[in-house]
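A.B. asks: Following this note's numbering, the numbering of the sequence shown begins with 1 at its first residue and continues without gaps.
A portion of the hints provided could be inaccurate.
[Claimed, not checked] Mimicking DSSO-like on lysine-lysine, the simulated pairs with C-alpha atoms at most 30 angstroms apart in a straight line are:
#1 Lys105 <-> Lys92
#2 Lys59 <-> Lys69
#3 Lys69 <-> Lys79
#4 Lys79 <-> Lys66
#5 Lys79 <-> Lys92
#6 Lys98 <-> Lys79
#7 Lys79 <-> Lys64
[Stated by the list, open to error] Computed beta-carbon distance windows for the label pairs:
#8 Glu55 <-> Asn29: 37 to 43 angstroms
#9 Lys37 <-> Glu68: 45 to 51 angstroms
#10 His23 <-> Gln57: 49 to 55 angstroms
#11 Lys79 <-> Arg100: 30 to 36 angstroms
#12 Ala72 <-> Arg36: 50 to 56 angstroms
FYI, nobody ran anything at the bench for these hints, they're computed from the structure.
Where a beta carbon is used, it is the ideal one built from N, C-alpha and C, also for glycine.
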Amino acid sequence: MAKNNRLKEELQTLHIERARFQHLRNRLNKELQDVRKSIGQIINRSTAAYDGRVEAQAKMNTMKAKAEKDRAHYNAEMKELERIFSHEFSTKDFMSIKSRKIAEKDDDHGATPRQ
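Construct the entire structure; sequences and hints are all you get.
C.D. replies: This is the structure:
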């Protein structure tokens, strides 16, 4: 009978330990689920951040290309304007010299009496 009581006590102790281990297992499973959920959220955020980075880089590259194109257009336009300005200046200078020479000729012809 003593053996039976001892076995009952051992069985009761094992039931208590089993309940503790199941409680611990449930708590650890819940913690694992929380960690997995957190990992999933972090993965989603990092994926969104990476996608945003890729979009930003693409936009930056597009803007750089546009800026380079605009700079090339600006440089070409400035070169053309400088060429036009130089041509206008040369033409004005030429016309001024030509006008002076004509005026000098007229003065020379006007000084001599006409017959």
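A.B. asks: Find the hints from earlier in the document that the structure breaks and name them by number, from lowest to highest.
C.D. replies: none
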